[in-house]
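Q: Residue numbers (the numbering used here), protein chains in the order written: chain Y, 182 to 539; chain W, 182 to 539; chain B, 182 to 539; chain F, 182 to 539; chain A, 182 to 539.
There could be a bad hint or two in this list.
Identical copies look the same in the list; a pair holds intra-copy or inter-copy alike.
Unchecked claim - Derived DSS-like pairs (lysine-lysine); straight-line CA-CA distance at most 27 Å:
hint: 1; residue 1: Lys474; residue 2: Lys537
hint: 2; residue 1: Lys226; residue 2: Lys500
hint: 3; residue 1: Lys226; residue 2: Lys537
hint: 4; residue 1: Lys226; residue 2: Lys238
hint: 5; residue 1: Lys340; residue 2: Lys262
hint: 6; residue 1: Lys262; residue 2: Lys220
In case anyone wonders, no lab produced these hints; they're calculated from the structure.
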Amino acid sequence: MRSLFKKRSKMLGLPPGTLVSGAEQAGEPVLITLIDYDKTQVREKRIDRIEDVFPCKDTNSVSWINVDGSHRVDLVEALGKRFDVHSLVLEDIVHTHQRPKCEDYDGYLFVVLKMLQWGENDFDGEQISLILTQNCVLSFQERPGDVFDPVRDRIRTGKGRVRQMGADYLLYSLLDAVVDGYFVVLEKLSDTIEALDEELLDNPTPQTLHAIHRLKRQMIFLRKSVWPLREVISAIQRSEPALIRKGTRVFFRDIYDHTIQVIDTIENFRDMVIGMLDTYLSSLSNKMNEVMKVLTIIATIFIPITFVAGIYGMNFEGKDSVWNMPELRWRYGYPAALGVMALIAVGMLVYFRRKKWI
Amino acid sequence: MRSLFKKRSKMLGLPPGTLVSGAEQAGEPVLITLIDYDKTQVREKRIDRIEDVFPCKDTNSVSWINVDGSHRVDLVEALGKRFDVHSLVLEDIVHTHQRPKCEDYDGYLFVVLKMLQWGENDFDGEQISLILTQNCVLSFQERPGDVFDPVRDRIRTGKGRVRQMGADYLLYSLLDAVVDGYFVVLEKLSDTIEALDEELLDNPTPQTLHAIHRLKRQMIFLRKSVWPLREVISAIQRSEPALIRKGTRVFFRDIYDHTIQVIDTIENFRDMVIGMLDTYLSSLSNKMNEVMKVLTIIATIFIPITFVAGIYGMNFEGKDSVWNMPELRWRYGYPAALGVMALIAVGMLVYFRRKKWI
Amino acid sequence: MRSLFKKRSKMLGLPPGTLVSGAEQAGEPVLITLIDYDKTQVREKRIDRIEDVFPCKDTNSVSWINVDGSHRVDLVEALGKRFDVHSLVLEDIVHTHQRPKCEDYDGYLFVVLKMLQWGENDFDGEQISLILTQNCVLSFQERPGDVFDPVRDRIRTGKGRVRQMGADYLLYSLLDAVVDGYFVVLEKLSDTIEALDEELLDNPTPQTLHAIHRLKRQMIFLRKSVWPLREVISAIQRSEPALIRKGTRVFFRDIYDHTIQVIDTIENFRDMVIGMLDTYLSSLSNKMNEVMKVLTIIATIFIPITFVAGIYGMNFEGKDSVWNMPELRWRYGYPAALGVMALIAVGMLVYFRRKKWI
Amino acid sequence: MRSLFKKRSKMLGLPPGTLVSGAEQAGEPVLITLIDYDKTQVREKRIDRIEDVFPCKDTNSVSWINVDGSHRVDLVEALGKRFDVHSLVLEDIVHTHQRPKCEDYDGYLFVVLKMLQWGENDFDGEQISLILTQNCVLSFQERPGDVFDPVRDRIRTGKGRVRQMGADYLLYSLLDAVVDGYFVVLEKLSDTIEALDEELLDNPTPQTLHAIHRLKRQMIFLRKSVWPLREVISAIQRSEPALIRKGTRVFFRDIYDHTIQVIDTIENFRDMVIGMLDTYLSSLSNKMNEVMKVLTIIATIFIPITFVAGIYGMNFEGKDSVWNMPELRWRYGYPAALGVMALIAVGMLVYFRRKKWI
Amino acid sequence: MRSLFKKRSKMLGLPPGTLVSGAEQAGEPVLITLIDYDKTQVREKRIDRIEDVFPCKDTNSVSWINVDGSHRVDLVEALGKRFDVHSLVLEDIVHTHQRPKCEDYDGYLFVVLKMLQWGENDFDGEQISLILTQNCVLSFQERPGDVFDPVRDRIRTGKGRVRQMGADYLLYSLLDAVVDGYFVVLEKLSDTIEALDEELLDNPTPQTLHAIHRLKRQMIFLRKSVWPLREVISAIQRSEPALIRKGTRVFFRDIYDHTIQVIDTIENFRDMVIGMLDTYLSSLSNKMNEVMKVLTIIATIFIPITFVAGIYGMNFEGKDSVWNMPELRWRYGYPAALGVMALIAVGMLVYFRRKKWI
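When you get a sec, could you build the whole thing from the sequences and use the hints?
A: Structure below.
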């Protein structure tokens, strides 16, 4: 089951700005890639020594430095030093349990958000930290594997506007890719909800309840990841014009719309999941009602006629008194007794029919 | 069942501003109509070549270009180019899963909203995209069939103010027609709610639950379509005066009031539908209670007297001991036994009457 | 049952500002009264020809023109023309499904609100449209019968301030009378709630549920009528000083306080009605519990002892084997069997007593 | 049961500003006390003729005029006239169903709030109306008996700051005493909640439900009394500096904090009371479950073995056919039958143990 | 069970600003420590006479005076006098039931918040009062034992920035330590939730309900402690620049983010705990359903066949009439009867299988 809370005990008590990796993947290899482009050319390479990316800061082309492994304190620190990044920002990059936020520093913009990717039958969240400077975008991921391949393709092939525009448009493209990823997750969840909904009306089982429960948790997680994004995009739009140019702002308005759409959809899903629980309970009550009706019909028909049979199973001695069960010696006693029983049974059935139980 | 989420996987990963149709009706024919009018005359024609509408931009009369088929990327692109529309706007027109919104661009106003139409026994939502320029209104619909016929009639016959006023009043007339359509949907839903409500109190069945469930979904969909409209109308009212003239603003205030009324009604309906679920559950509990009472009454009357019959069905040998069931040999043993049973039954009935169960 | 939604299909598709009566009382007679007063004198008369009220506009005295029958399109139109009222305002007067609102036009103030009157055992809502000009108040009601008699009396007798002050104070007096009417409705509802509450704790029946259900609907209706009033009064207070004089504003603050009080009370009532439903359900569960306990006690006492009786009703042949039911031939077999049964019954009773079921 | 709504029919239809007593205590004696003090001396006396307090207005010392009996229209009117109080204010003093509020008039400040006092096992609410002028505080109570004794003591003995400061500090002291009274009520309610909570988990009865119900009503009443106080204190803090001096404002900030604390606590209590209802329902379900289990265990053990006994109670004639119940004539038929029954019973018990029912 | 409300009756009625200890630990020893540091040196000592800390006020180094025992009225008063602290502030320090708040006074800043520490299996809340002057931080705790040891270590060893910066940074460090403490509590609660969640799905018992109940209370308490903190931090950030230097503000933004994260997590936990209650109720209903099914299956199979056995247990005399139970004398009467019973039983089983009950 998805854990809703990332432990951070390890780092408690340390001085603020201390970089201690909060991730468990400490041993995993780290991949650093650099894509450097302008209108005319693209240069893409894998970086082994972090110092190799340092010159990017002073070129005129747009540089995108992507680090797959934000737990590598040394790399983050080295990059941070080179790009004059505040130590609290570096701390936020390394400790990947941040709430999405956008912070405006002197000369750069720091954006944290959650990238969601759909795995087998659940989605997976990962913190993406982005730093936008005049002509560079630094992106830090927890693990290799991301939703940025379409952006890379567009840079390589020169499709769309990305090569014509600056680092701010690159930031926009990355955010847009992340938000597009949310839509994929929503689609998957929408499928799950539709399936569950049908199951609910057809044949709900305790497993259905577990599935609803699970869905609810996913909703809570999703909401936590996406809600703050609205403020993040607003903050980017309000940030100083030196970094986000006027022509790019309209694109952030577009992401803002998408974010609102995602949030609306999550809220609607939440409403539906809550409704599902009500339906589940109603359907349980319905089933119980049906079970009770069957029991009641069977019992109320047979209990009285079994009593009649019980009467004539009594052993009162006819020899001792003519008052003792003379029916037993009547010519048509037995058929009469059966007839009485049949009458009672039919009467009960008519009664239940009137009550609309059968 | 209504799907709450329009899939958009097809377009993920494409550069922003790329026009890929999100609709399935790709093969359907497209209808373009042009209505061009001023105070003195009306010209209405069906357009086959998109280029035929281009001159409208430069005339003094008001032109309404309506495209039934927003999935036709080529047409949208051609019109967009001619009217200098931003590529993000064109993208929003083609991908018909937008949240209602109003965006103010240089020289034109872009409005997206949902047009609802009542079909057989459900309503149908369709995205309407409207572009208002100085003297033109461009409207894009997903499918043929709309709520604008009264507006067309008024233009043709010159009833009302529409021919006296500009393109902004035409935009108002179209929005007004869409909001009027909401009232039709609300009326139908109101009928459904009244009917369900009566059914609930008379004889609720599991089908009633499904109907409530369905109503709830419709509410969620409706809300999603209408809520953002409030901000949309506000945004239009606040937009630059070049496009919306002062004299027309009072009319938008009128639409605003209608929108608030629609939203209020939806909220009230929601309250009622939630209340219906509670009533349904209470009524289930009531029924269960009644079933249980019948069972309990029958069982608690017959179980003790069946036991009495059972006693005298025992085979203890009177020959071996005078202690063994002497009652069987009494003169009035059988009538006495029947009397005891009758007493028990009557006692139980009195007890239940006291408890107000019968 | 109260309908929550007034149909308006008739008027859909008409040009805005078209006056088509939304009311069904089209044939009913219309009553127009004029009260014209200043500090020294009062003139009150019934008007037959609408033209007779036209001179009021130009006098110095305060005139109150009351029309009982806002569905009479011709009258509304004639008055509207004379007093230079916008056609959208006239439309709102005729179509009596408006949300309470206050609109500030050039030279006059337009206020719509709901007047509630308690009938047999439900209240009745009616739209009141008020137009305040420099020295006139025009009031439009749907039907004869209103809550304004105390105001009329005060004008006639010169009690209170009304004769000393202008048309704005008259508007205040009318609004005050309407809000006072809300308190009457709240009192009646409060009585209903108290009665239901007692019934709930004493002996809830399915009728109680219906009553709660009905109360809830009344609450929704009431809320819908009163909530917007807060903004209405605020808007009047903020309106241009030419119409509402400074000395009158403090009185509107008083109405504002009353409105808040009404809204608070409605919210509290809502809370209580929701609580009643919970209590109803709990009380159903309690009853079910009691029914089940009775059944269980009777059944669990008699089922085992009936079994014992069943044992000794078996026909195993003692002649064929001494192992076959020797108890039947014991001297104290029967008393012993009865004793065993008594023991079982007492044991069960002790067990239930321990469980605190009896 | 606490009535949530004070009837006011008596005064409906009267001209605004008319003083008609809304209280029933019309015949009760009225107590007027005057405390007049400055740094050096205190003068305290009981007033018989209202005119005796009139000179206070023009002295330099601080005067506190307290009227126990706001229903005495004549007194309120006389004081109002002397202190130039608006007739709407006087109306609010007499009609004691006001929502707490603070109104800023020329030359005086008018504050209404609710004083809560804990009685036998419920609290009692009373309206306190306060008028602050330059050097006087007028307080109006519905009944004798209040929470102001500590303030009186402090004035008499000169403890604390009250004698050093002006009428504004006296107003603060009175408000502070009222808010302190809320804490007493909260403590009592807190005790009730703790007690109920324990009862709920130990042995909930229908009485527990009534108690929760009652608590909920108290919460609603409390909330209604306290919520508006926040705005009241804010309004006092924002009021014109002539009446509330700068040095006193910090004290009102203190009351503001206390009010927030009271509101927070009420909200927490509400949460807990709602939670209690859930617990109550769960606990009912738990009990029902237990009852059902006992019934099911007894029934499912004995029904099958009673059937076995029933089989061998049949009277098929062994004389007529060897196929007819040969078991009855077997040597160990009876022990075998008993053995089969025992086996069935043990099997059932094992089954229930596995299901963890016993 | 955690008490949600700290009694304060003792202090009611006292003049504002009176210092009466609200705590019960009146007899406990009090520990005062002073840490005095600048960039070059640290001086740490235990204080016996409160006068020993007085000189700190006038030095240039940063002084942190920590008092473990805010109930010691004399100490608080002495310190308050020396540092010119308002008597209301001193009152708030002594009465440890304050809502977290930040108050800006002339020359110092007063901050109250709750320090949470995890004990055995519950957390413990304690009020921390902090006063920040130009170069001093005064901290008051209710009891010895706190979360500040890491801060002390950092001061002693000179790790991090704390020694380089002023008293404002020390205040930040203390607040940061407190907020870090919240994360520890959240982690523990997260563990409890996960454990309960598993228990809920596996085997819920009434104890589970109690545990959920307890968790809910902890949530309410936690929320009450943390919610106001958001405003507190905002208020600190907005406070006058003389106390909080510009360079330190960015650190408070960091705490603000953490606080938002804590609040978000609490809200998510709350959602989950509410969901747990629903799951618990559903799971109870499921269990009841299962119990009812077992009962119904057993009863409906055996009741009819027991009736058949009852029929043939009747004693109608075959000697008196050939109509009286001739079956008893048939050759295969007994096997036929058994066959009929088997048929009925199998029929029932098939029926239940179809209903998917077994």
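Q: Each hint should be assessed against the structure and marked as holding or not.
A: Each hint tested on the structure:
Taking the shortest alpha-carbon separations for Lys474 and Lys537, both the intra-copy value of 11 Å and the inter-copy value of 16 Å come in at or below 27 Å. In this homomeric assembly, Lys226 and Lys500 never come within 27 Å of each other (Cα to Cα): the closest approach is 114 Å inside a single copy and 104 Å across copies. Within a single copy, Lys226 and Lys537 get their C-alpha atoms no closer than 77 Å, and across copies no closer than 62 Å, so neither meets the 27 Å cut-off. Within a single copy, Lys226 and Lys238 get their C-alpha atoms as close as 16 Å, which meets the 27 Å cut-off; across copies the closest is 50 Å, which misses it.
In this assembly of identical chains, Lys340 and Lys262 lie within 27 Å of each other by CA distance solely across copies; the values are 19 Å between and 34 Å within a copy. For the homomeric pair Lys262 and Lys220, the shortest alpha-carbon distance between copies (24 Å) is at most 27 Å, but the shortest distance inside one copy (29 Å) is not.
Consistency note: the structure conflicts with the earlier hints numbered 2 and 3.
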